[in-house]
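Asker: Read off the chains here:
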Amino acid sequence: MAKVCKTFEEINERIRRGEAVVVTAEEMVEIVEEKGPEGAAKEVDVVTTGTFAPMCSSGAFLNFGHTRPRIKGHRVLINNVPAYAGLAAVDIYVGATEPAIDDPLNKVYPGSFDYGGGHVIEDLVAGRTVHLVVEGYGTHCYPNRRVEMDLRLSDFRDAFLFNPRNCYQNYNCAVNLSDRIIYTYMGVLKPHAGNINYCSAGQLSPLLNDPFYRTIGIGTRIFLGGGEGYVVWHGTQHNPQAPRTSAGVPKAPAGTLAVIGDLKGMSSEWLKGASIQGYGPSLFVGIGIPIPVLDEEMARFTGVKDEDVYAQIVDFGWDYPQMEVQVLGEVSYKELRSGKVLFQGKEVPTVPLSSYVKARQIAETLKGWIKEGRFLLGKPQGRLPSQSS
Amino acid sequence: MQVSRRIVLHFPASLTGQPIVYRLARDYGLEFNIIKASVSPEEEGLMVLEVRGDEQGVEAGMKYLSEKGVMIEPFSQRVVLREERCIHCGLCVGLCPVGAFRMEPDTYYIRFEEERCLACGLCIKACPPRAMEVGL
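Those sequence lines, one after another, are chains A and B. For reference, each letter of the first sequence is one residue, going 65 to 453 in the numbering used here. For reference, each letter of the second sequence is one residue, going 3 to 138 in the numbering used here.
Don't read these hints as lab results, they were simulated from the structure. For clarity, every value in this text was computed on a predicted model and none was experimentally measured. For glycine and all other residues, C-beta sits at the position ideal for the given N, C-alpha and C. Some hints could be false.
Said to hold, decoys possible - DEER-style ranges, computed between Cβ atoms:
| # | chain 1 | residue 1 | chain 2 | residue 2 | range |
| --- | --- | --- | --- | --- | --- |
| 1 | B | Glu117 | A | Thr71 | 56 to 62 Å |
| 2 | A | Thr203 | B | Arg80 | 52 to 58 Å |
| 3 | A | Lys398 | B | Pro21 | 50 to 56 Å |
| 4 | A | Trp297 | B | Gly101 | 42 to 48 Å |
| 5 | A | Tyr173 | B | Ser40 | 16 to 22 Å |
| 6 | A | Ser331 | B | Asn35 | 39 to 45 Å |
| 7 | A | Val389 | B | Val82 | 36 to 42 Å |
| 8 | B | Val136 | A | Glu107 | 49 to 55 Å |
| 9 | B | Ile74 | A | Ser331 | 47 to 53 Å |
| 10 | B | Asn35 | A | His256 | 53 to 59 Å |
| 11 | A | Phe226 | B | Val136 | 21 to 27 Å |
| 12 | A | Val389 | B | Pro21 | 33 to 39 Å |
| 13 | A | Arg438 | B | Val82 | 35 to 41 Å |
Using the sequences provided together with the hints, build the complete structure.
Answerer: So, in structure tokens, the structure goes:
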């Protein structure tokens, strides 16, 4: 039986009164070390987390409003980037990794992918004008065949970010054991294990602080792209069965989240287009999730630190692309963050693809919002699939 | 006095078959680091070099190159970091051949030391938010 037992409602009441004790996941590490899980659970109400990295499974639903005469969008380009138009007349979805229609792709190797869906989303939230070309095939109810227009985000009737897989709970580190340079979604990998790239905020990462999704579920209110958003489902490829440490922390890519939020409240500081050489365009997404410290178990979970979180090293030269993944080694985020690890008998530089600087800023920003009483916790209305459920 | 200079050399087709640069080391005691070298389809050679040595040696070496018919230009290309685009990941740190980027140990901010940069340009397309660009 837990000695400390708080509810979402009690914590929200404390937030409303400006009395809630809110700390970042980094600060929580020290508090739990000093006071133990029970002491920490008594003292702290909410732990804020953050992550900022390219998240390819992202995109935005946009409604560009009805035209006169009406058109049913069949082929739609935004700034020359094709958007999915197989929806109702003026609804479209622009996906983060969609390259511009005239991009030479990898025909000019390695492709530089200067502009794509992720950049469209960045341009929109930055308030820049985008050019729409809409082609229809003509129907009795939607006779118009072609419309071109210049719109800003505020001109769209509706615009929301809907990302089917974000916020991966841990990720693999990538290495290249082949004898040629390769260009991957994990960055440029030099031959003969010339570098190891990783991509997680480690101890600051949302799902690593709630490893069994006790508090993060359907309906959790989150920091998304600088605005407010919600967890709406488990993300695609959500895998709670991934191998875990004895403390329950996944050692491989595990849980994921599907998230949603109003694009009109977001900013280009936290949604940034990415051009990943040789791979494609993408979108850097900033996400922060508040975790209520309901009891000492949640205090212990949120006290997780980089030396307790392990990632597995995977070869992207052959194994990963051939779907023959084998684990070449395990390293902690503390080691990864030191800038070098010992791998197969040699010292190899390690670099992140995710930004710890931005992850920290997100956790701090969210902490500020909650302390000011303007961001309340969203109590989950449904659980995400978990190992224990 | 020891000096270091970055230069661009244009070799006419008549010289591309000759071992010119090696004589900078043998006859003038200069150290050199070849940043870039190429021969165009018209067989004109282009080389970007960093040369180091005492001032007199460098001057004499440059005179020798000029007399041989090599055109010398100062190397003026720079790569600059646009702070407002940098998101402080770290891909550049792992890629830069001369260690011009480093991640600060506690803040994890990326710092670019332009004086170490050889302007090879590897970081420009490898930087996902495109924070690196050729400066003027």
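Asker: Determine for every hint whether it applies to the structure shown.
Answerer: Hint by hint, here is what the structure shows:
1. Glu117/B / Thr71/A: 56 to 62 Å: Given a distance of about 58 Å, which is inside 56 to 62 Å, the answer is holds.
2. Thr203/A / Arg80/B: 52 to 58 Å: holds (57 Å)
3. Lys398/A / Pro21/B: 50 to 56 Å: holds (51 Å)
4. Trp297/A / Gly101/B: 42 to 48 Å: Since the Cβ atoms of tryptophan 297/A and glycine 101/B sit about 44 Å apart, the hinted range of 42 to 48 Å holds.
5. Tyr173/A / Ser40/B: 16 to 22 Å: holds (18 Å)
6. Ser331/A / Asn35/B: 39 to 45 Å: holds (44 Å)
7. Val389/A / Val82/B: 36 to 42 Å: Since the Cβ atoms of valine 389/A and valine 82/B sit about 39 Å apart, the hinted range of 36 to 42 Å holds.
8. Val136/B / Glu107/A: 49 to 55 Å: holds (52 Å)
9. Ile74/B / Ser331/A: 47 to 53 Å: holds (49 Å)
10. Asn35/B / His256/A: 53 to 59 Å: violated (23 Å)
11. Phe226/A / Val136/B: 21 to 27 Å: violated (37 Å)
12. Val389/A / Pro21/B: 33 to 39 Å: violated (49 Å)
13. Arg438/A / Val82/B: 35 to 41 Å: holds (39 Å)
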